[in-house]
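*Asks:* Spelled out, the chains give:
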Amino acid sequence: SQQGEEDPQALSIQEGENATMNCSYKTSINNLQWYRQNSGRGLVHLILIRSNEREKHSGRLRVTLDTSKKSSSLLITASRAADTASYFCATSRRNALNFGKGTSLLVTP
Amino acid sequence: KAGVTQTPRYLIKTRGQQVTLSCSPISGHRSVSWYQQTPGQGLQFLFEYFSETQRNKGNFPGRFSGRQFSNSRSEMNVSTLELGDSALYLCASSVGTADNQPQHFGDGTRLSIL
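Protein chains in written order, with the numbering used here: chain A, 1 to 109; chain B, 1 to 114.
Hints in this document: simulated from the structure, not taken from any laboratory.
One or more hints might be untrue.
Claimed, not checked - In silico lysine to any residue, SDA-like type, Cα no more than 25 angstroms apart, as pairs:
{"no.": "1", "chain 1": "A", "residue 1": "Lys26", "chain 2": "B", "residue 2": "Gly58"}
{"no.": "2", "chain 1": "A", "residue 1": "Lys101", "chain 2": "B", "residue 2": "Gly84"}
{"no.": "3", "chain 1": "A", "residue 1": "Lys70", "chain 2": "B", "residue 2": "Asn100"}
{"no.": "4", "chain 1": "A", "residue 1": "Lys70", "chain 2": "B", "residue 2": "Gly42"}
{"no.": "5", "chain 1": "B", "residue 1": "Lys13", "chain 2": "B", "residue 2": "Leu83"}
{"no.": "6", "chain 1": "B", "residue 1": "Lys57", "chain 2": "A", "residue 2": "Lys56"}
{"no.": "7", "chain 1": "B", "residue 1": "Lys57", "chain 2": "B", "residue 2": "Glu82"}
{"no.": "8", "chain 1": "A", "residue 1": "Lys101", "chain 2": "B", "residue 2": "Gln44"}
{"no.": "9", "chain 1": "A", "residue 1": "Lys70", "chain 2": "B", "residue 2": "Asp99"}
{"no.": "10", "chain 1": "A", "residue 1": "Lys56", "chain 2": "B", "residue 2": "Thr97"}
{"no.": "11", "chain 1": "A", "residue 1": "Lys26", "chain 2": "B", "residue 2": "Leu83"}
Stated by the list, open to error - Per label pair, the in silico range of CB-to-CB distance:
{"no.": "12", "chain 1": "A", "residue 1": "Ser28", "chain 2": "B", "residue 2": "Ser51", "range": "22 to 30 angstroms"}
{"no.": "13", "chain 1": "B", "residue 1": "Arg63", "chain 2": "A", "residue 2": "Gly59", "range": "39 to 47 angstroms"}
{"no.": "14", "chain 1": "A", "residue 1": "Gly40", "chain 2": "B", "residue 2": "Gln41", "range": "17 to 25 angstroms"}
Claimed, not checked - Computed far set for chain B versus chain A, every beta-carbon distance over 12 angstroms:
{"no.": "15", "residue": "Gln6"}
{"no.": "16", "residue": "Ile12"}
{"no.": "17", "residue": "Ser27"}
{"no.": "18", "residue": "Ser31"}
{"no.": "19", "residue": "Gln37"}
{"no.": "20", "residue": "Asn56"}
{"no.": "21", "residue": "Arg63"}
{"no.": "22", "residue": "Phe64"}
{"no.": "23", "residue": "Ser70"}
{"no.": "24", "residue": "Asn71"}
{"no.": "25", "residue": "Leu83"}
{"no.": "26", "residue": "Gly84"}
{"no.": "27", "residue": "Gly96"}
{"no.": "28", "residue": "Gly108"}
{"no.": "29", "residue": "Ile113"}
{"no.": "30", "residue": "Leu114"}
Virtual Cβ for every residue (Gly too), placed ideally from N, Cα, C.
Taking the hints into account, I'd like the entire structure generated from these sequences.
*Replies:* Structure representation (structure tokens):
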């Protein structure tokens, strides 16, 4: 079953703009992770945010977590064409990741 | 450090056949997980192994099985293939548990069933 659900399903922006993706989940979590997948490739880990953290940064990425609303957001600032990919949030339980359906991001030059 | 390696990258089989996929984790990683990715169902957890023991199994029929060797390399097997088994099969490794560690994914094996 899908634990995380991303919103929007698809997002199209121009280079230099910011992209925001949201994720909602259903049960309590220890942490939430964000992954990126380029077409035809495996997933690449972006950020892991723990349940006692509210915000985390990594380069141009900013992730927030609101456990009271069971939601997280991923912000990519100053996007580049190379950021074009699918982005997934994932929660974990008993050594298994539960992924949402993902947000497909298209960044045009 | 070499990443997670999956072989083969592409595979074409017919219904009723069986298939074995291989995964070599990052050196030092003892946890190996397998996921199935399809357009309809998305990413679904198959199973996770740690030090040769299966610790968790997803909601898949018994036709899907796996194992892990003493060197942490893992294989998954699908018997009596069905058209619906066409998917990208991804392997991921980590030092410990997915509950608190980032997972490192291979590029997957694309399985097509004719």
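*Asks:* Just to be careful, I want the Cα atoms of A:Lys101 and B:Gln44 compared with a cutoff of 25 angstroms; is the pair within it?
*Replies:* Holds: A:Lys101 and B:Gln44 sit about 10 angstroms apart, inside 25 angstroms.
*Asks:* Compute the least Cβ-Cβ separation between B:Gln6 and chain A, then decide whether it is above 12 angstroms.
*Replies:* violated (8 angstroms)
*Asks:* Would the hint linking B:Lys57 and A:Lys56 be met if the CA-CA limit is 25 angstroms?
*Replies:* Violated, at about 31 angstroms.
*Asks:* Take a look at whether the Cβ-Cβ distance between A:Gly40 and B:Gln41 falls inside 17 to 25 angstroms.
*Replies:* holds (18 angstroms)
*Asks:* If I take the minimum Cβ distance from B:Gly108 to any residue of chain A, is it greater than 12 angstroms?
*Replies:* violated (6 angstroms)
*Asks:* Taking the shortest Cβ-to-Cβ distance between B:Ser70 and chain A, state whether it exceeds 12 angstroms.
*Replies:* holds (20 angstroms)
*Asks:* Against the 25 angstroms threshold, does the CA-CA distance of A:Lys26 and B:Gly58 hold or violate the hint?
*Replies:* Judged against 25 angstroms, a Cα distance of about 18 angstroms means the pair holds.
*Asks:* Compute the least Cβ-Cβ separation between B:Ile113 and chain A, then decide whether it is above 12 angstroms.
*Replies:* holds (18 angstroms)
*Asks:* Against chain A, does B:Gln37 hold up as non-interface, every C-beta pair farther apart than 12 angstroms?
*Replies:* violated (9 angstroms)
*Asks:* So if I understand the rule, the pair passes when the alpha-carbon distance is 25 angstroms or less; does B:Lys57 with B:Glu82 pass?
*Replies:* Holds, because 20 angstroms separates the two Cα atoms, which is no more than 25 angstroms.
*Asks:* Take a quick look at B:Ser31 and tell me if its Cβ sits farther than 12 angstroms from every Cβ on chain A, holds or violated.
*Replies:* B:Ser31 is in fact no farther than 12 angstroms from some Cβ atom of chain A, at 7 angstroms.
*Asks:* If I take the minimum Cβ distance from B:Leu114 to any residue of chain A, is it greater than 12 angstroms?
*Replies:* Non-interface label on B:Leu114 holds, nearest chain A Cβ at 20 angstroms vs cutoff 12 angstroms.
The earlier numbered hints that this structure contradicts are 6, 11, 15, 18, 19, 20, 27, 28.
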